[in-house]
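Q: The primary structure of each chain is shown beneath.
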Amino acid sequence: MADVATRTIDTAGMGADVSIRSLVKRYGPVTAVEDISLAVASGEFLSVLGPSGSGKTTVLMCLAGFEIPSAGSLHIGGREVTALPPNRREIGVIFQRYALFPHMSVRDNVRFPLKMRGMARRQAEAVVEEALATVRLSGFGDRLPAQLSGGQQQRVALARAISFRPPLLLMDEPLSALDKKLREEMQAEIKDLQRRLGLTVIFVTHDQEEALTMSDRIAVMSHGRLEQVGTPEEIYGNPATSFVARFVGETNILPGIVHRRSGQDGTVALDGGGEIAVPLPAERRLAEGSAAEVMLRPEHVAVMPAGSGVNGLAARLVGHSFAGATVALTFEAAGGQRLVARRPARELAGLAPGAEVVLVPEAGQARCFARTGQGA
Amino acid sequence: MSALAAGDRRRLSGPASLMLVAPFVLVLIAVFCWPILQLLSASLFDPDFTLRHYEQVLTSEFTLGVFLRTFRVSFLVACFALVVGYPVAALMRSLPPMGAAIVGACVLIPLWTSVLVRSFAWTVLLQRNGVVNEALQGLGITSGPLSFLYNEAAVVIAQGHVMLPFMIMPIYQSLRAIPDELPRAALSLGASRTAVFREVIWPLSRPGVVAGFLMVFIVTLGAFVTPALIGGPRSLMLATLISGEITENLNWPLGAALSAVLLVMVMLLIGLFSRFLRFGRVEM
Amino acid sequence: MNVTTRLPHPAIAAARLAGILGVLFLLIPTLIVVPISVGPDKYLHFPPRGFSLEWYGTLIGDPGWMRAALFSLQIAVLVTLLSTALGTAAALALTRGRLHGARALSVAVLAPIVAPNIVVAVAMYLFFSRLGMSGSLVAFVLAHTVLATPYVVITVSAALAAADPDLELAAMSLGASRSRAFVHATLPLILPGVIAGAVFAFVVSFDEAVVSFFLSSVRDKTLPRKIFEELDYDVSPVVAAVSTVLTFLSVGLLGLAAVLRRRAPRAPATKA
Chain D
1 MADVATRTID
11 TAGMGADVSI
21 RSLVKRYGPV
31 TAVEDISLAV
41 ASGEFLSVLG
51 PSGSGKTTVL
61 MCLAGFEIPS
71 AGSLHIGGRE
81 VTALPPNRRE
91 IGVIFQRYAL
101 FPHMSVRDNV
111 RFPLKMRGMA
121 RRQAEAVVEE
131 ALATVRLSGF
141 GDRLPAQLSG
151 GQQQRVALAR
161 AISFRPPLLL
171 MDEPLSALDK
181 KLREEMQAEI
191 KDLQRRLGLT
201 VIFVTHDQEE
211 ALTMSDRIAV
221 MSHGRLEQVG
231 TPEEIYGNPA
241 TSFVARFVGE
251 TNILPGIVHR
261 RSGQDGTVAL
271 DGGGEIAVPL
281 PAERRLAEGS
291 AAEVMLRPEH
301 VAVMPAGSGV
311 NGLAARLVGH
321 SFAGATVALT
331 FEAAGGQRLV
341 ARRPARELAG
351 LAPGAEVVLV
361 PEAGQARCFA
371 RTGQGA
Chain F
1 MSALAAGDRR
11 RLSGPASLML
21 VAPFVLVLIA
31 VFCWPILQLL
41 SASLFDPDFT
51 LRHYEQVLTS
61 EFTLGVFLRT
71 FRVSFLVACF
81 ALVVGYPVAA
91 LMRSLPPMGA
101 AIVGACVLIP
111 LWTSVLVRSF
121 AWTVLLQRNG
131 VVNEALQGLG
141 ITSGPLSFLY
151 NEAAVVIAQG
161 HVMLPFMIMP
171 IYQSLRAIPD
181 ELPRAALSLG
191 ASRTAVFREV
201 IWPLSRPGVV
211 AGFLMVFIVT
221 LGAFVTPALI
231 GGPRSLMLAT
241 LISGEITENL
251 NWPLGAALSA
261 VLLVMVMLLI
271 GLFSRFLRFG
281 RVEM
Chain R
1 MNVTTRLPHP
11 AIAAARLAGI
21 LGVLFLLIPT
31 LIVVPISVGP
41 DKYLHFPPRG
51 FSLEWYGTLI
61 GDPGWMRAAL
71 FSLQIAVLVT
81 LLSTALGTAA
91 ALALTRGRLH
101 GARALSVAVL
111 APIVAPNIVV
121 AVAMYLFFSR
131 LGMSGSLVAF
141 VLAHTVLATP
151 YVVITVSAAL
161 AAADPDLELA
171 AMSLGASRSR
181 AFVHATLPLI
191 LPGVIAGAVF
201 AFVVSFDEAV
211 VSFFLSSVRD
221 KTLPRKIFEE
231 LDYDVSPVVA
241 AVSTVLTFLS
251 VGLLGLAAVL
261 RRRAPRAPAT
271 KA
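Protein chains in written order, with the UniProt record's numbering: chain D, 1 to 376; chain F, 1 to 284; chain R, 1 to 272.
Hint data in this document are derived by calculation from the structure and do not stem from the laboratory.
Here the structure is a predicted model, which means the values were calculated and not measured.
Ideal placement from N, C-alpha and C gives every residue a C-beta, glycine not left out.
This list has only true hints and no planted wrong ones.
Listed next, with one range per pair, are the computed distances between beta-carbon atoms:
1) S129(R) - M267(F): 22 to 32 angstroms
2) Q74(R) - S41(F): 27 to 37 angstroms
3) L31(R) - I141(F): 17 to 27 angstroms
4) A13(R) - A133(D): 40 to 50 angstroms
5) S41(F) - G50(R): 53 to 63 angstroms
6) A13(R) - G118(D): 17 to 27 angstroms
7) A133(D) - A105(F): 51 to 61 angstroms
8) L249(R) - D35(D): 53 to 63 angstroms
Derived list of chain F stretches under chain R, where covered just means 3 residues or more per stretch with a C-beta under 8 angstroms from a C-beta of chain R:
9) 38–46
10) 106–120
If we strip away everything but chain D, and leave its shape as in the complex, we get:
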């Protein structure tokens, strides 16, 4: 019993580092995860972001030990856990639908992991109260899960998962069942808890906004592969692939042909007419004349009156939608190409549908990718 107590103190504030090495998971002929390698630092908050079926949950289930990898290895806190049964991994797992034991009170739910570790009842009671206080649910111990709201249930699940002080917390779309306002509250709460306890968190989500707000780093997955790993700023501002650019944030997609390339810069001739200057880093192997897609975030499109003599794409305003501080303006350019610009709301003044304008991409913000089949 004593060593349980000392261990909880030892690991408090010490998140474990995680290393996923060449992970492969196949279900019969279907490959769910294809050769993923990823290192997560101690105390880091990493989101695994991807659409459903991208393999993100499978990665989490392998880490938790509910699925056995087909190849590769997993290491947590320097210890290999690839084939270790889930009950010996010391990982807190938060499930999409909370997975509270419906026949146990809140207190017994939170006490469960301590009971499984043989902690004496009185000592466990103290830990349970502390964990409930951490999630601001003191006094709810005697209720049954069914008597709590969704957000409260989620907090009980959190209290239960941290009560035994695991160095790693895995969360599988934990907030998807909550409404928007509650979700934002919980995001802040989880983030705060992670910082206070120094936990390493791997957080699976399909919600790009959630990933951008909460994460230290984001790993974007698609079709069982890693598309990009980076800070939210990198993922948003400098997407590595056209998939990442499309999946994270709003974006305009302009098909064209690489017209000219010199050093790190180039221009793309758009299919609908007009040209656009793009940075072309060396790793983008886009030769002159190859089919390309230019991605432009709506907030990087400036709107100028027609005939102001500025170089840009001639377009006509076809609609707008007001979103408080900003307004999304939809334009139609030559060749029927649609573009959205997001501008401060005051800029709408004097623009009526049908107005002729010139759209000017902000210098250096357009991104260019090779055109693949999926964009068609």
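With the hints as your guide, set chains F and R onto chain D.
A: This is chains F and R only, laid out in the frame that chain D set:
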């Protein structure tokens, strides 16, 4: 009761509903309720009002012994069905849909097979020149035929077999209602496989266990065919005793009194445990 | 390099084995009866030492067995018709009607299958004996109808509960009369349930052993009563042949009913 509001056009009118339900209710009154009342009166009038036959039922050491045995056998049958049935329900729950459907069919086939056919099969298996005896002798384990038939153990096995679907189905239903995340959550929280069963699966499947156990127990109290064919005179059960009083001893009043006691016992049990029971759901 | 296939936990392996043994136990009678019925021996041997349809021949050639089978069939057909009509009507009234005490009534309707068989059988025996009707076709049909109708009520009620009552309202709003709305909007949806109920009723009557045991006379007996007598007297392979036929009939019919109920048309899923 708002669904009964007079303006609800989705409902049939009062007179129409009455006309639809009346024919069966009349048949029920004439061929079910009236005969049972007649039976009760046969136990109380001989020819004048008397409690003599009830006195005989409740004081005769012989009939009390039969009652006791009926309760004991019913309890053992329920235990047997639980021990055999729970793993089957768990297996069904753990299999993918196709496998679960196959096991489900294996559970339902005996339910749909005549009780007589099943008693016949057990007779063939357990009789002196039956399959089990032949096998034991063939393997040199026993030298002569043993008597497996006509005792309580045989009744427990055969009646347990008859009742198994009534045990498996409610347990399976309550196991199916447990989402996969719960055992997974328990594992992630450090529970061993046995602890997952003890702390999560078993408590959550208990409603099904209770329903199945009560159902098997109650139905077996009045079971006739299997105990009559598989059980011997030394393992006489209530239904067989009633049948004997009526068809062999022609002692209608005593048979009627025994029937009345059985009926009241069963009704009491059903009334007491009605919230756990799920009659009429097994075939689903 | 270091991928291990985790073997199932011993406790899980043991539980699975117990489950498989349980399934085998469930199948024992079927696995015994069928081979015996096609074996050539007068005495029962397992496994059979050859293949023969001799016992089926004996069965068909025996007027006693044939009489009992025909009598049971006659009863079962009449019971099916009667209890399907009574049960469907009752189910409609109980699920879609306006009745005082509908809840109590739907419990009362189940009484015949909840009450101990032996008590029901003895009561009916007394009732029909006093009327001098014991052993008559009418007595059997009435008795079995009481026992079979609850199953029809259960299956049809379930089908009705799954059919959206608003469909009838929609049909009426489109100009259909109440009865036409029922025939066109509700009946097609519950028809599989009604047919399944009819199949249950047929099997309940055809397999019914306890009431038949008491109501049968020396001359007029049902198939189950005949098997009962044979079993009490001698275990002959002819019984195995009857049992096989009976098993295949019941399992086939009820399998059909199960398929029908699965195939019942359902309302398109609406997103919550």
